[in-house]
Structure formats: C-alpha cells, structure tokens
Amino acid sequence: MIDKIKETVAFLKNSFSGYPRIAIVLGSGLGGLVDCLKIEKEIPYSEIPNFPISTVRGHKGSLIYGTLNGVEVMVQNGRFHHYEGYDLKTVTFPIRVFKELGVSIVILSNAAGGMNPSFKIGEMMLIRDHINLFGDNPLIGKNYDEWGPRFLDMSEAYSKRIRNIAFETAKKLNIHMQEGVYVGVTGPCFETPSEYRMYHAMGGDAVGMSTVPETIVARHCGMEVFALSIITDLGIVGVVERASHDEVLKAAAAAGPHMVQLVYEMMPQL
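Using this note's numbering, you'd call the opening residue of the sequence shown number 2 and step up by one each time.
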C-alpha cells in the first residue's frame, strides 16, 4: 500500500502544478460543483496509477485540480463504495494520497435517507457525528505510525470549526440546513422499514452507504473533515418512501444547487 501511494503521489505531482490544502469528494448527483470550478486539469481515474474505478451511475470517475471561488482545490468527481466490491483500504486510498499531496481539509458529500421526523426530501443535513455499521474499519491491520496513531480518537470526527463556518454561511445565504448523525452501512440495499426504525432509535438522523470510511482515514491522517448529506428519500415512522437509485439521483440533482452555493461561499473562510 505504501509503495502504491508513493507511485500515485509521484504521478499526480507531475500532473498538477499546485498543492491544494482542500480536497472535495462529490457524492451521488452532486456533480454540479464541477460547473463552478476553474479547471486546470482533469484526469480520468483509469489513467491514474493504482486508482480504483468508479462503477456507479452518477459518479463520473475523474480527479480534478483547479480553483473554487479563488481557492485551490482537488476534487474527486465520483467516489468508491464497499458495495462495489472494494475493501475499505481501497475505498479510502484517495484520502491517503490527498494527505501525501498536502491536503489538510476534506469535504465530503453524499445522498442519504432521512430518518428524523422533522426532515424533508431535498433538505441538506450537516453531519455532526456518525455511527459506523459497516462491520469493518479501514484501520484494521498493521498501523504505520507515520500515517497516524494505532488507536484513533474520534471525539470530534467532524470539525466543529468548519461546522460553525457552515452555519454562519448558510444563515447569510438564507439556506435552511439541518444537522444530525449519519449512519454508515454497506448497502447496496435500501433500508427496510424496521431497519430505519432501528437506526433512528440508535441515534441516527440519516443513513447512507459512504462517507464513514473516508472520515475515519482522514482523521487518522490528522485532516479536518466537513460533510454534508442531501436527504433524497425518507424512512420515518408512518412515512417510508419507496426508494430507487433514479429517485435518489433526481432528488440530489434538485437539491444540489444549495449545497454547491454553500460550499462555494465557504471556501475563502477555510
């Protein structure tokens, strides 16, 4: 893994002219942020040594270097999921690469099913904390002290500093934003009504199939993490919407502009 990371980092250093402090991982239907980028270079994953290939519709599969509202960024346009058959070390491989390239802040986005009765489809949820129900952890195995500690403190998985910036920015933009706990599961099935009730009873407000592994590895590397969910379907008592990937993409695309606007305006403050 170390040799693969070094090879990938060397390739990207020769491909990009700068070293951004911020990396953004785009989730399902949230590719609209790309339209706001001043792109210097875009490389398909298939051309990057050791990079996995994104197989999910709605995830383009390219790494972009450019500027967003005047700030240098690296954008992972399409992520990798455990349900695609990748182990969690492969899913989080780009996060390790970002760290070696000098990234100190990771912004994650996803589509999620809402379980909080106060949530509505199309709303945005700032992730305050998470519950890992993947049944696995990307840190299992040999620990490399140069990457991070053997036993990782997760008392503040999601940066309070950046969450405060997000709330202040949303207030100025008059954007309504919820806050809550994200439950990470493997998928690829959408949840049963009983699973929704169980996850909510455990303290979850939204559930999805990503984000948690990347957050764990980013924190292991000492990076700040900020994450947003778009509520694309509902699983609350008495209201369980029939879910499909098409409906998720449709809801995410409709709500995406608010997320894009929020992240765009936050950039100079980070």
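The set of hints was computed from the structure by calculation and includes no laboratory data.
One should not assume that every hint holds.
[Said to hold, decoys possible] In silico SDA-like links for lysine to any residue, alpha-carbon gap of 25 angstroms or less: (1) LYS143 <-> LYS161; (2) LYS172 <-> GLU101; (3) LYS39 <-> MET2; (4) LYS251 <-> ILE122; (5) LYS90 <-> LYS39; (6) LYS90 <-> PRO194; (7) LYS161 <-> ILE106; (8) LYS143 <-> GLU124; (9) LYS14 <-> GLU101; (10) LYS121 <-> GLU225; (11) LYS7 <-> GLU225; (12) LYS42 <-> TYR84; (13) LYS143 <-> ILE122; (14) LYS39 <-> ILE3.
[Claimed, not checked] Pairwise CB distance ranges (calculated): (15) LEU153 <-> SER16: 24 to 34 angstroms; (16) ASP247 <-> ASP137: 22 to 32 angstroms; (17) LYS7 <-> GLY204: 14 to 24 angstroms.
From the three backbone atoms N, C-alpha and C, an ideal C-beta is built for every residue, glycine too.
* Asked: Of the hints stated earlier, which fail here?
  -> 1, 2, 3, 5, 6, 8, 10, 12, 13, 14, 17
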